[in-house]
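Enquirer: Mind docking chain B on chain A? Use the hints.
Next come the chains, spelled out residue by residue.
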Amino acid sequence: MLSISGLSKTYPNGVRALDDVTLDVPAGMFGLLGPNGAGKSSLMRTVATLQRPDRGSIRLNGIDVLREPDRLRSTLGYLPQDFGTYPRTSPLVMLDHIAALKGITRRGERRELVEQLLVQTNLWDVRRKNIDTFSGGMRQRFGIAQALIGDPRLVIVDEPTAGLDPAERRRFHNLLARIGEDVVVILSTHIVEDVADLCPRMAILGQGRILVEGSPQALIAELAGRLWRKLVPAEQADRLRGTLPVVSTRLIAGEVELRIVAQAPPGDGWESAEPTLEDVYFATLLQHGLNVE
Amino acid sequence: MWEVFRFESRHQTRSPLFLAVAVVFFLLGFLITASESVTVGGLGDNLNLNASFAIIQIQYVLTVVGMFAAVAFVATAITRDVELKTAEIFFTTALRERDYVLGRFLGGWLFATLAVGCGLVGILIGTFMPWLDPLRLGPFTFEPYLFALWAVLLPNLFVVCALFFAVAAWTRSMMAAYVAALGLMVAVVVLVAVTDAEKARLVALADPFGMTAFGELTRYWTVYDRNLRVPALADVLLYNRLIWLGIGFVALLVTVLTFRFRLQSPRRRLFARRRRAQRADAAPLAALTLRPVESGHGWRANLVRLGSQLRMDVRGVVRSKPFYVLLAFGMFNVIGGVVDSELYGTPVLPHTGAMIDAVADSFMFVVLLIVIFYSGELVHGERSAGVAEIVDATPYPAWIMAVAKVGALWFVITALLTVVMLTAIVVQTVKGYYRYQLEVYLAGLFGMIGFWYYLWCIPAVLVQVLSPGKFVGMLVVLVVFLALYALPNFGFEHNLYLFSGPAAPYSDMNGYGHFVQPTVAFGAYWLCFGLLLLIVAHLLFPRGILAGWRDRLVLARGRFSTGLRGASALLSIAFVLLGGWIYYNTNVLNDYETEDDRERAQADYEKQYKAFAALPMPAVVDIDAEVHLFPEERRLESRGSAVLENIHAEPIGELHVTLARALTVNALEVPDATLEASDERLGYYRYRLEPPLAPGEQRGVRWDLTWANPGFQNSGSSTRVVHNGTFVDNTEIMPQLGYVYRRELTDNNVRRRYGLPPVVRMPKLGDPAWLDVNQLQVSRRSGFRTHISTAADQIAIAPGYLEREWTEDGRRHFVYAMDEPIWPYVSFSSARYAVARDRWQDVALEVYYHPEHDYNVQAMLHASAESLEYFTREFSPYQYRQFRIIEFPGYETFAQSFPNTIPYSEAIGFVADLRDEEHIDYVFYVTAHELAHQWWAHQVVGANMQGATVIVETLAQYSALMVQEKAFGPHQMRRFLKYELDNYLRSRGGEIIEELPLLYVEDQGYVHYRKGSLVMYALKDYLGEAAVNRALRRFLDRYAFQGPPFPTARDLVEEFRAEASADQQQLITDLFERITLFDLKVTGASVRPAGDAYEVDVTVVARKLYADGSGREEEAPLDYPLDVAVFPADPPDAPADVLPEPLKLEKRRIVSGEQVLKFRVAQPPARVGIDPYNKMIDRNPDDNLMRL
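Protein chains in written order, with my numbering: chain A, 1 to 293; chain B, 1 to 1188.
With the rest of the complex left out, here is chain A (with noise of 0.2 Å):
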């Protein structure tokens, strides 16, 4: 289990990323939820030891993760959010010196796990190639394999979906439910539906601080009979919307469908909405007054 605590960071320039971050992380995938600027790639990359926070603790099955960084290492599985590789270089070669680094020391050994990676995530018909030339879905693709090298017990991946098409982001999706049970898998996104198709727990991310943290049922169950809509026309949704707490707006057939968070309907033609994710984030981010929109 991750445990994290007290976990503050504030850059030079005055912003702060991570505010006194508090979180208990189980085996199994974590979703981490939080518009963009939240702090969730701090907090990853915090994790994942590339970046010092200014005060807190994180701690791994036993390793103090900044006391010692290299043992964390050992067992980890790191997909960045943005990554690029070396030039002209084919995913062969690259997930060999990521093996390499990792401390597969034997040759052969770091062969057949590069080979079996490859025929796992699919590129096996590509392991030649550049991976410049890759699409978005295969250098994710990509991303996973090297994050698997080395048998983590933590897999972080971090705005993995971001820009890929549904049918990919689908293929990513089915690799990431097969990583075994016993690893803490941190999916950190923007993206409602990954954490919903994936996460039995997660938690969400707005200004640097943990807003809410749970079971995705249970956070929307706790939204239930409080999530009210309504179908207006155009020029009467922009004017309700600055009265009412508004989670979100939808357009159906030309019409706005507004939905709010309230104990009763605000008036006539409201009716209770069956909750979702989307509708659990959004009214999150609204209580802790964050704009979405």
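Warning: the hint list may mix true and false statements.
[What the hints assert, rightly or not] Cβ pair distances, simulated, as ranges:
(1) A:Arg250 - B:Arg300: 53 to 61 Å
(2) B:Arg565 - A:Val15: 35 to 43 Å
(3) B:Val426 - A:Asn174: 54 to 62 Å
(4) B:Val254 - A:Asp19: 55 to 63 Å
(5) A:Gly37 - B:Pro16: 28 to 36 Å
(6) B:Val254 - A:Arg250: 54 to 62 Å
(7) B:Gly563 - A:Arg55: 28 to 36 Å
(8) A:Tyr11 - B:Val426: 55 to 63 Å
(9) A:Arg250 - B:Pro468: 40 to 48 Å
(10) B:Phe365 - A:Arg55: 51 to 59 Å
(11) B:Pro16 - A:Asn174: 48 to 56 Å
(12) A:Arg55 - B:Arg300: 35 to 43 Å
(13) B:Ser572 - A:Val15: 39 to 47 Å
(14) A:Pro245 - B:Pro16: 46 to 54 Å
[Said to hold, decoys possible] Taking lysine-lysine and the BS3-like style, the derived pairs with C-alpha atoms no more than 30 Å apart in a straight line are:
(15) B:Lys1020 - B:Lys1147
(16) B:Lys470 - A:Lys129
(17) B:Lys321 - A:Lys129
(18) B:Lys966 - B:Lys1144
[Claimed, not checked] Here chain B is said to cover these stretches of chain A; the calculated rule only asks that three of the stretch's residues, wherever they fall, bring their Cβ under 8 Å from a Cβ of chain B:
(19) 44–51
(20) 97–106
Don't read these hints as lab results, they were simulated from the structure.
As the structure is a computational prediction, the values presented were derived from the model and not from experiment.
Built from N, CA and C at the ideal position, the CB exists for glycine as well.
Expert: Just chain B now, kept in the frame of chain A:
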């Protein structure tokens, strides 16, 4: 279009690039002219600081450097939109492609020109700085600046901008444009290096910068010309400009017409099909199960990690294009360097030492580029590729990065040196030389030279580690290296802070000799420092995301383990201890002297002791020298005695002695004398003789001196007493009497700095005060006998005949004695020699040579025999029973004639490649010349004044020419003289005081050797060989073994005049007493059949010019006979530079101006000419001939 141009201009004016380049070029121009410490090669010391030649030359160099800046301007102008990802926006606007391209080009070109042009402003302002020596400034004119502007700056920048704009537009890549620029530079450098004088015109056309064409036009410019003249835009320079402007226009036109808005280069599109990876998106597999593997720790795993990182870094380098450009540069460097080492067009054998030398000089520049460029690429590689986050999250120990980066650089350098070595071996093989000496390659290339290359990598990596970006880092590394390179110019010369070691010349005879020890010492010292820097680089190597210096220091503290602390401490201690030991060697055991210190010592000697120069000194009339050499220690013990005689009319009350500064005095015994003053620093001792030495009286003196050479020196370590190949003369190891003129500073600019008056190189011709002293600065011949000992495996040689030889206490002893008095000017040599012997009549011929240098020994013996044959027949008998040639290491490149003994450098002759019979046999020439000195120097020598070297050197040239002509025929002689003519005319521009006519020559090599050959050959042509030799015989008859008083050059010329007819007297005046130049050309010719013969009319224009000492010319009336000739058609297989046998060759009276000459010949004529064999000194010999 103007819209794009305005946009581009706005961008450029705001970009830091423009400002930075403008400032850099301004400073470059300013510093070169405003500082006497910063110079551009090839500008003579006698030139004004604002000489027009210098201004133009500097501007050429600035535009070559400016090429790289220009690439940045124009290539960014076209690639910027792609790189900033604004291309889509721009390319989809309604803008026409043509306007876009042209606008971008004009903007880039304009600002590149403005920025680089700041250099010219810098030059201009630099020449007005108040601290410049006013005596070195000529009058200001705008002309050179105008020329620099419209013939250099504007066209050159247009050409490079157009070319590289085209490359960048075609490839859409900055890097490609840079590689192309580098490629062009390499091509030009190689082209210039591998071309001989004969193809110079072609190269002048091919050089895109026009620098070679300018060099070609100004080839024979004198100092006067260089100070004031500006070349006309004509001839090769004009064609060059037209050709390259044309190429530039075409490149621009093609770019403008073919440019299409596309994101990728068209070339890439061709390959896109193949490169696009297939979509491998088959259905996902059931389970992501991996066989668990052990993740390793400890050394073994870390070595694997290091190996893998190193492999990735090396891959990155090996797969980049510049690497191959630089490798190619390395290869061409070797080839160019070998071709460069010709003498009289004859190549040197490609022996391994020469190959390494060829590389060592010019290669540093390439390696520096590599270190600077790749240190930036490698250190910032992970970050700029975006792979850093992945890599940094893996469990590698931090030291791997710093070590891998340095290791990858080492790999690159090793690859480069290996390519250089292999190229050199291929060159050797192609030239049929198979003695490869791999051990010399390894020790020299990878050790003595390469070590420093390897070492440079570490600070370069450290700078990049500290630098926020690679370009900033590259700039800083460049500045650091330039600063280290420039520091010695400002008097900071100690290698203890210059990150370097002493220069280590290689010689086949002596290997790296005593230079190994200081190189190892400084190498170890700097290696300790380098490893410390490597530790710092490791500590500060960025990992992960660092928010500032605080994070770095926290990281560094974490990495500074106990082991590293210990290692740092040990390295620091070793560094300090080695530094101390080096300091002890360079500054305690030896004197640490900078160039300034040496100059000051020379100036002090002159200031303090020149007052005594006129004091009469006794003459040395007998020498008994004992010289004990300890080659392994480089120690020499000089003991001995001499008999001095007062040859003057008055008694001598004071005896002054000068000792070479390196000598330690154990004893100096002057009987009946008191030491009045002694100056150990400058080596000057004054004795008062009590009683004075009466006229005719003799008195003995004794000396006991040591030349110790302890430890090692910081720089300028003597190469005279060495492990194998010692060569010293008496002035270095024995006391000299009185003031020694040779110690004076000769550069007037330096002399002014020390408040000394302009140098007097030689007393005036005929100065009665000097008639009794000869050119060797002595007045009497002396008996000579020496006992010389050396190591058991060496042979020691001095002038004289071997009387005894024995071995005692493991040392070899020799006694040599002369049976007749000689000039007291002798040499001592010792080395492990092989000996070749021969005889000519009753003269024993011997060559003492390095056993591996047996190539030309037979040729030397042959040349000696031929020369003795001619000289004894034509001049006078040879005065010795023996003639010996003695090889010495190639630290110097001359041969020198002592009585019956000629030390001869390994670098000339011994390794000449004479296998091609077409080549000029300069071994023969040098040997004959030196042997001739046994007559011209040892039989007769001139009084020490202007013209003295005519008797010694010019006559030796003449003698060698005559033997050579007999041996090889007039054709090779003409080729030889062509080199002499070219050398003489070119050297005039490098004269540092003033050129003098041959008769008044002041020991100026280009006059007494090069012009001397031409003058004597012309004299022989007019008077005939028999008459000239008759005159020389008379001259020997009168003066050989005579004196004082000694003859002067005028006495010699009088002998020639006595052989000449009345109408040849003016010619002799022109040859010897004036600086005479001819401008002879054929301007028209016609032929008509007359019966079975042909009548030929030839129009010639002739001018004769007299030049003054600075090279300013004035026309003088010409009226004497000159060669005119009519030639038949060339035989089909004749070499291009050989004229066929003439149909008619005769001397006809030629006067100044145009005249028509009529000939009648029996066979059909093909060519006519005036002075067709270039016997007269003519700057443009090519127009002497005309085809009909």
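Enquirer: Do three or more residues from the region 44–51 of chain A put their C-beta atoms closer than 8 Å to C-beta atoms of chain B?
Expert: holds (count 5)
Enquirer: Range hint 54 to 62 Å: satisfied by the CB atoms of Val426 (chain B) and Asn174 (chain A)?
Expert: holds (58 Å)
Enquirer: Is it true that the C-beta distance of Phe365 (chain B) to Arg55 (chain A) lies inside 51 to 59 Å, as the hint says?
Expert: holds (52 Å)
Enquirer: Take the C-beta atom of Arg565 (chain B) and the C-beta atom of Val15 (chain A), compute their distance, and say whether it sits inside 35 to 43 Å.
Expert: For Arg565 (chain B) and Val15 (chain A) the Cβ distance comes to about 36 Å; the hint holds.
Enquirer: Taking 46 to 54 Å as the hint, is the beta-carbon distance of Pro245 (chain A) and Pro16 (chain B) inside that range?
Expert: Given range 46 to 54 Å: holds, Cβ gap about 50 Å.
Enquirer: May I ask you to test the hint 28 to 36 Å on the CB atoms belonging to Gly37 (chain A) and Pro16 (chain B)?
Expert: At roughly 30 Å between Cβ atoms, Pro16 (chain B) and Gly37 (chain A) fall inside 28 to 36 Å, so the hint holds.
Enquirer: Do the alpha carbons of Lys966 (chain B) and Lys1144 (chain B) lie within 30 Å of each other, as the hint requires?
Expert: Measuring from Cα to Cα gives roughly 23 Å; hence the hint holds.
Enquirer: Is Lys470 (chain B) within 30 Å of Lys129 (chain A), Cα to Cα?
Expert: Given that 30 Å is the threshold and the Cα spacing comes to 28 Å, the pair holds.
Enquirer: Measuring from beta carbon to beta carbon, are Val254 (chain B) and Arg250 (chain A) in 54 to 62 Å?
Expert: Holds, at about 55 Å.
Enquirer: Between the alpha carbons of Lys1020 (chain B) and Lys1147 (chain B), is the straight-line distance 30 Å or under?
Expert: holds (14 Å)
Enquirer: Between Arg55 (chain A) and Arg300 (chain B), does the C-beta distance stay in 35 to 43 Å?
Expert: holds (38 Å)
Enquirer: Okay, Gly563 (chain B) versus Arg55 (chain A) on CB: inside 28 to 36 Å?
Expert: holds (31 Å)
Going through the hint list in order, the structure satisfies each hint without exception.
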